[in-house]
Amino acid sequence: MGIPRAYVFADMLKQDDIDVVHICTPNFLHYNQAKAVMESEKHVICEKPLALTIQEAEDLVRIAKSTGLVNAVHFNLRYYPMVRQMKVMREKGELGKVYSIMGSYLQDWLFLQTDYNWRLEPDKSGDSRAIADIGSHLLDITEYVTGLKITEVLADFSTVHKTRLKPLKPIETYSGKMLTPSDYQEVPINTEDHATVLLRFDNGAKGSITVSQVNAGRKNRLNIEIAGSEAAFEFNSERPNELWIGKREKANEHLLKDPSLVHKEVSSLVSFPGGHNEGFPDTSKQMFKEVYSAISSGKQPDKPSYPTFADGCRELLIGERIVESNKKQAWVKI
Amino acid sequence: MSQPINVAIVGTGFIGPAHLEALRRIPHVEVVALVEVTQELANEKAKQLGIPRAYVFADMLKQDDIDVVHICTPNFLHYSQAKAVMESEKHVICEKPLALTKMKKPSNWEFLERMFLPICSSKMTSM
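Line by line, the protein sequences are chains A and X. For the first sequence, position 230 matches number 235 in my numbering, and the numbering has no gaps at all. For the second sequence, position 54 matches number 128 in my numbering, and the numbering has no gaps at all.
It is worth saying that the hints were derived from the structure and are not from the lab. For each residue, glycine too, the CB sits at the ideal point set by N, CA and C. Treat the hints loosely; a few may be bogus.
Here are some, though not all, of the chain X residues that point toward chain A, as calculated from beta-carbon distances under 10 Å [to be verified]: (1) P78; (2) N80; (3) V106.
Think about it this way: if two alpha-carbon atoms lie no more than 20 Å apart in a straight line, the pair counts; the simulated EDC-like pairs of lysine to aspartate or glutamate are [unchecked claim]: (4) A:K102 / A:D207; (5) A:K294 / X:E95; (6) A:K129 / A:E191; (7) X:K136 / X:E161; (8) X:K121 / A:E126; (9) A:K174 / A:D113; (10) A:K290 / X:E95; (11) A:K290 / A:E126; (12) X:K136 / X:E95; (13) A:K167 / A:E126; (14) A:K290 / X:E104; (15) A:K97 / A:E258.
Put together the whole structure using the sequences plus the hints.
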């Protein structure tokens, strides 16, 4: 990968010239590693989920606050320019009062019974899968764009593949070959392939999300529709340079990403002229621009523009309540 | 680990920073120098873009550790700069158009082309 120095984790922590650590490991390591990084007085950017439990996440939020170190969770999908455009339009009153939200995040990478990954194992990934992996992005964007807080959830999960076939050897070993039944072990699956959640918001608005990792042909399709009293928005992450703005009394609008057409508060997230599409890898770049601006100043700002450990903790809380709601088959307060 | 390839970028208008960002996404390539019309402007832009060294064009050519030059200047400069880069035995990636006219092919073009492939863009004959 062309990186000059290589360490195991403990040795990296001892390097005084390293200012920032990005934690991109499996979920069960995030808490211990983020904690150790902050204890070594380094700024930290952690993949989501921030931890496996709320208690761990709260602990990280507390340590981050007491140290003043820059802390961020990689909710990069907020950094599609059109997502910030929706937020800024809402802040300027162009959406009006939010009536309802309808979101979905659909994938197909676990469509087959033979699709297998560490994310399917609760001890490595946590008790929730589709909600934790992709629902968290969608819920983060929902609260980020609308400025509302989810107050109650009612969830219904579905594990489409009750068992999956786990390859007994690394899949790379078989590249180009057909696997035979003896190459697999059948293992039970306890996490959700699909979930639908009804949402209630603190302004009285209602909404729903559906997430699935077994929707053939949907690769990484986050879609959100927000209906307000002045307009409606639709954003689809598979067409991230476009925003649909629905109107009742005039023609609908179709905004293409262009630094001269988005609100001025959004143009810093656009690196190229209109018509030159920017995509998924650019979201991380745009996020890190804001995080590293804070790192240059040496501490976490009072009101960070980027998702923080507190946002990571919030998503764990909502996720845990959603899992609880599914277990109880009842509304649960956040 | 393979030795990094050292790059200089000439010009910092719209497309120079796009070359910079593209190169920074590739392992084993280091953008070590930036070139502008004056040393002062080069210093300022290098600082702004986080590039360690800054030169005017003629001084950059003298740096033996620079392997590749990206020419991101206005069109009228492409010919003379691409030629000078190859005469300094450096690989060259040139913004399009490669030159202003088809006729300005240097007398030693075939030699340069053999010596310093890969060059950028299409061959002159397709212009």
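Going down the list of hints, with the structure as the test:
1. For X:P78, the shortest C-beta to C-beta distance to chain A is roughly 7 Å, which falls under 10 Å, so the interface hint holds.
2. For X:N80, the shortest C-beta to C-beta distance to chain A is roughly 13 Å, which exceeds 10 Å, and the interface hint is violated.
3. Interface restraint check for X:V106: the shortest CB-CB distance to chain A comes to about 14 Å, outside 10 Å, so the restraint is violated.
4. In summary, the hint linking A:K102 to A:D207 is supported, as the alpha carbons are separated by about 12 Å, within the 20 Å threshold.
5. Between A:K294 and X:E95, the direct Cα distance comes to roughly 13 Å. Compliance with the 20 Å bound is thereby established for this hinted pair.
6. Distance restraint check for A:K129 and A:E191: the Cα-Cα separation of roughly 18 Å lies within the 20 Å cut-off, and the hinted pair is therefore satisfied.
7. At most 20 Å may separate the alpha-carbon atoms for a hinted pair to count; X:K136 and X:E161 meet this at roughly 11 Å.
8. Annotation: proposed proximity of X:K121 to A:E126 is violated, straight-line Cα distance about 47 Å (limit 20 Å).
9. Taking the CA atoms of A:K174 and A:D113, the gap is about 23 Å. The hint is violated against a cut of 20 Å.
10. Distance hint between A:K290 and X:E95 is fulfilled; the C-alpha atoms sit about 10 Å from each other, no more than 20 Å.
11. Of the pairs offered as hints, the one joining A:K290 and A:E126 is violated, with about 30 Å between alpha carbons and a cut-off of 20 Å exceeded.
12. Only pairs whose Cα atoms come within 20 Å are accepted, and X:K136 paired with X:E95 is rejected, the gap being roughly 25 Å.
13. This hinted pair checks out: A:K167 and A:E126 have alpha carbons roughly 13 Å apart, not beyond 20 Å.
14. Between A:K290 and X:E104 the CA atoms are separated by roughly 19 Å; this keeps the pair inside 20 Å, and the hint holds.
15. The hinted pair formed by A:K97 and A:E258 meets the criterion: a straight-line CA distance of about 17 Å does not exceed 20 Å.
In this structure, the hints that do not hold are numbers 2, 3, 8, 9, 11 and 12, in rising order.
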